[in-house]
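Visitor: Each chain, letter by letter, is given below.
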Amino acid sequence: MPGSSEFFKRLGFRTLFPVIILVALVGVALNTFVLQFINEFEFSSIKEDLQWSSRFSQSIINKHYYDLIQLGSMGDERRERIAKGNALGELEDFMRQKNLHLVVLDDPTDRVLLNENIPEHIVFGVERGSEENVVNRVAIGGRDYFSYHVHFSPWNWHIILFQDVQSYGALMDKVGRAHMATSVILVMLAILLYWSLRVNVSRPIKRIISAVQRGKPPRYQGIREFEYLSESIAEMMNSLEEREGFLANVFNSIQDGISILDTDMRIVRVNRTMEKWYEHMSPLVGRKCYEIYHNRDRECDHCPSRETLDLGTISFGVVPRIGPSGDSTGWLELFTFPMLDTNTGQLTGVIEYVRDITERIRAEEQLRDSERRYRLLADNVTDIIWTMDMNLQWTYISPSVIRMRGYTVEEMMTRKLEDVVTPESYSLARQTFGEEIAREEDPGADPDRVRSLELEFYRKDGGTVWGEITASLLRDENGKAVGILGVTRDITKRKETEQALRESEERFRTAFRTSPDSININRIDDGVYVDINEGFTAISGYTREDVIGRSSLDLGIWVNMEDREKLVENLRKHGKMENLEAPFRMKDGTVLHGLMSAKIMNIHGEPHILSITRDITELKRAQDKLRDSLGEKSILLKEIHHRVKNNLQVISGLLNLQAHHIKDGETREVYKESQNRVITMALIHEELYQARDLAQVDFAAYIQNLASNLFISYGVKQELIQLALETEHFQMVVDTAIPCGLIVNELISNSLKHAFPDNREGTIRVDFRQTGDRMFQLIVSDDGIGLPEDMDVRQTRTLGLQLVTLLIDQLGATLEVAREEGTEFRISFQEYFEAGTMLY
Amino acid sequence: MLKRCFLSIFILAVLMGGTALGAEPVRIGVTLGLTGKYKQMSDMQMKGYRLWEGQVNSRGGLLGRRVEVLIKDDESDGPTAANLYERMIAADKVDHILGPYSSSITNAILPVASRHGYPLLVGGASSNRLWKQGYQNVFGVYTPASRYAVGFLEMLVMSDIGKLAVVSADDSFSISISEGTVKWAGRYGLDVALTRNFKKGTEAFGELVEEMRQSGAQALIVCGHFQESVAVREAISSAGWQPLAYFASVGPVLEDYMNQLGELADFTFSSSQWEPHPDLDFPGSKEFLRDFEAAYHKAPSYHAATAFAAGSILEKAIIKAGTLDRKRVSEVLYGLDTMSLIGRFGVDRTGMQIRQFPVIIQWQKGRKEIVWPKELRTADPVFVEDPDAR
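Top to bottom, those sequences are chains A and B. Note that numbering that gives the first Met the number 0 gives residue 593 to position 594 of the first sequence, counting from 1, and the numbers run on in steps of one. Note that numbering that gives the first Met the number 0 gives residue 186 to position 187 of the second sequence, counting from 1, and the numbers run on in steps of one.
There's no promise every hint is true.
What the hints assert, rightly or not - The calculated label-pair distances, taken between Cβ atoms and stated as ranges, are:
1) A:Ile184 <-> B:Arg354: 30 to 40 Å
2) A:Phe55 <-> B:Gly161: 25 to 35 Å
3) B:Gly161 <-> A:Asn61: 25 to 35 Å
4) A:Asp105 <-> B:Gly161: 12 to 22 Å
5) A:Asn61 <-> B:Arg376: 20 to 30 Å
6) A:Leu188 <-> B:Arg86: 57 to 67 Å
7) A:Arg142 <-> B:Glu233: 47 to 57 Å
8) A:Ile184 <-> B:Arg86: 52 to 62 Å
As the list claims (entries may be wrong) - Listed next, the stretches of chain A that the computed footprint assigns to chain B, with coverage defined by at least 3 CB atoms under 8 Å from CB atoms of chain B:
9) 87-98
10) 696-702
Derived from the structure by calculation, the hints contain no laboratory data. Heads up, the beta-carbon is just placed ideally off N, CA and C, and yes, glycines get one too.
Start from the sequences and build out the full structure, keeping to the hints where you can.
Guide: Set out below in structure tokens:
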């Protein structure tokens, strides 16, 4: 490419050539225009001058005429003469000012009132021969004039204006000469231009074209501009090959397939992508498209390329992509464009633009599957899913409608909204829909807003069912509402529950109102009464007006403030207080005892205390009396226990005395055992009369005394046999304690007698513990010689073990015997209450 | 400090004053017939020019330069005036010129002014001929002569006086009056029974008066200057004839007319370009009258007023042009529309005055009264029918 300075040097031809042409054309146009303009000026300006002057002349005369009228001098011949004279004077001034010839003729007398240099025959000729108010042309004394003739009828004056046009004629002569000179110059310029073009343009162009026609880059030398043209063409021809290469690169770089066919459906050219897709069919060029792309021996039935060839229009289709095995491996989107000859416009082939849409097709199938699944979900949910258009016509209803309403989907789709809901519900639905449509006008409205409402629907069986509707607006891609999406849930049961709740509340209100107990509700913040029932007024003597808005402290109801603090403490810790027994002061000052239960509850979101207080004054009095009576009975019972224990000790003493007289050791041993059993029972009574509770004994203390007594009774040496007691302290009812004591007595006695022969050392262990709610386990064991192998505890004939078995059954207990290291009796039982079943 | 301030102001004043006083004055040349047949009117004109010269210099001169009006005596002779103007332009290097008195002398200097490109404000002439010869830059200060008697003719119409005689000296000014009068008489429907011209300088008018009386004219119009107006009046009286109305141009507006004729002056009509009149209160009119009487101890005639007006109009044109350049001043004068003490100023494309108008005066009992136009009358016109009524 030439440098910029070279470029501007060569600009000469390209700039000058059009400038010369333009100047020539403008010159011709200007010349014509000036002539036209002068001609126009000649006529129009003179005419306009004359017309304007005539109007002004008339206005001068008019002014004087109207002065007469205004002065009231019409008919005054003297003043009229003066007015006419003055008008003529002014016309004369005007004529001189405008360089006009102005003639005024008095029509009745044919007298010339005003004239200067215009021959009278011409004046009269114009006056008689010329049309009024029109420009006429007259020759006066060898000069041309334009004349203009007007008539002022009130005074019957003819005013004729003459304009000398000779001065314009001189101008016209000058213009004519300029026109001639310009025309000659233009003709000369045109000839010069023609010669110049022939020499400087036509010949060089022929030389350049000649070279190009021979297919060679031109090499012109001569005129600078054509040198530049020659070099440019040469550069273009050289760069044409480079462009072809560039276009081929672009063609092959396109990732979609491009295939060019001739009119016989033969492949002319393909890009790399097509070659890659169909490399198994290579080579492609020169073969029929359907053989390569569709593995066919004839054209396809609906071929877009054929349509383009036949109709010359763009066509489109989706075709299978055939793989090496001959099977379809995917889908191709095919656009076909007509390929036209740029010169003739004739169809020369087809451009096939091919895009692989296999992935898109698969994605669309997945989308359809997804839609199917969602529809399946919608079809199977319990709630009814539905859509409506903006005219409230159903567009979809899920099949669950039949469960809730008894109608099939098809039946529902044909029914209008007003036919499927009760009139009240239809009115509510229309109102809600109207509100939402109105909110659509608000640009700040949430487009995803959801509205809920409860409607009562007709069932097919004639009943009704309540449904909770949750609905939102469906929108198109522009956000415009095009429908409604809703879910209807059956809330009939909830409605029934709510009804039941309302009824329950009603019942509660009735109970509250009519309860004989005092019931009051106080606000927790300040303790004031917000409601009381009739029981409160009946018991306390206060009226409703006395207490509402006041607190219990205001009223002085609490006798002992500790009770109130206790109530407050429990409410704070546990949220409730049960059975608080406290004295309360009534309106008349009397003190009544009440049993109060209270609980914190929320009323309208605010915490309150609901207190129910029963008047137990009479009960209290009865209890006091009973307590007094029981005290007396307790003393009496203790005395009985004391006397029984003393009597049993007496029996034990008698048995001891009698045993001393028995020689037979075995018999004496029997006596001794009986004595121990009596003492065992006496110890129970001793514990009972010493205890505060006459029905229960401290079982640990009891066992301790019992074991000590047995060790003493059998004369056990402390250094040989140890007693290990592990007993928890707890109270046991007498009904259980006595059999347990007797079992312990028998088992310890058995161990002392048999487990440690020959001064064998050992330990007797007693464990008693609670294993559950009222469940106990008693273990009596020793590390002595153990029971004989063949001894069955339940089948033994010894009195002691028989007694143990009997007592275990009595307690409903289980017995386990272990013999690994010594002997262990494990007894499990439940505390026994049944009255009147004691052994004695 | 105060002393230094005063000193600075004094120096500045001296420097500024020095500029006006020290610079070359604006020289304005004019000739007048200070001797010869036009000496009365020329004397009035001279006084008018001098009065204006004094006033313009008291206002600071023109464009900051003092004004000097160079007045030379042309002896009431045209060629003399032409030579003087030639000399003033070539030798005295006057910046501007003003017109001489009388139309004939003005006509004589037109070629000189035109040749040197000097605009000419004509303050002492009104012959229509001055504007019909194609000279450029000639500006009339007051009504052209052809309109002098128009007001008088209107009064004749209104007084039912239908026949008149018009006689005129043969100078161009007088002939312009005569031609205009005849033309306007025709327009007003008056009967011009006689028109005669007589040689300028004629002193015996007995025959002419007799001829007029024989024509049956009721009114007599004499177109001329001071001498003719007086001589014809005396001839009429000598002939024992009393026309209903006697009009003479120029002469009767001068006090000398009354002084010379005495009672004979009574009832004579004339046209005046300016008269001291309360309703004729154009700008500077009262001041002019006051200053003139103070300076010269006599009443000014319209000739003095028109001379003063010519100076004033030239002053306004130069100020508006902002330069003494004569071409530029000419352009301004063509478009100038202003007021002077004699009324409105404005010319047509030939330079003829078209906006100023004269009043008609009549001597009544030794006093000059304005009788036309009606709006400015100081007395009703008197047409004498019975000689005894005098």
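Visitor: Now, for every hint given, state plainly whether the structure supports it.
Guide: Hints, verified against the model:
In this structure the hint that Ile184 (chain A) and Arg354 (chain B) lie 30 to 40 Å apart at CB is violated, the actual value being about 52 Å. In this structure, Phe55 (chain A) and Gly161 (chain B) meet the distance hint of 25 to 35 Å, their C-beta atoms being roughly 33 Å apart. In this structure the hint that Gly161 (chain B) and Asn61 (chain A) lie 25 to 35 Å apart at CB holds, the actual value being about 28 Å. At about 18 Å, the CB distance of Asp105 (chain A) to Gly161 (chain B) agrees with the hint of 12 to 22 Å.
Evaluation of the 20 to 30 Å hint for Asn61 (chain A) and Arg376 (chain B) yields a pass: the beta carbon distance comes to about 28 Å. Our hint of 57 to 67 Å for Leu188 (chain A) and Arg86 (chain B) holds, since their Cβ atoms are close to 59 Å apart. At about 51 Å, the beta-carbon gap between Arg142 (chain A) and Glu233 (chain B) stays in the expected band of 47 to 57 Å. Checked against the hint of 52 to 62 Å, the pair Ile184 (chain A) and Arg86 (chain B) passes, with Cβ atoms roughly 54 Å apart.
Chain B is given as covering the stretch 87-98 of chain A, and this holds because 6 residues of the stretch bring a CB closer than 8 Å to a CB of that chain, at least three being needed. Coverage of the stretch 696-702 of chain A by chain B is violated. Counting CB-CB distances below 8 Å, 0 residues qualify, and the rule asks for three or more.
The structure shown violates the earlier hints numbered 1, 10.
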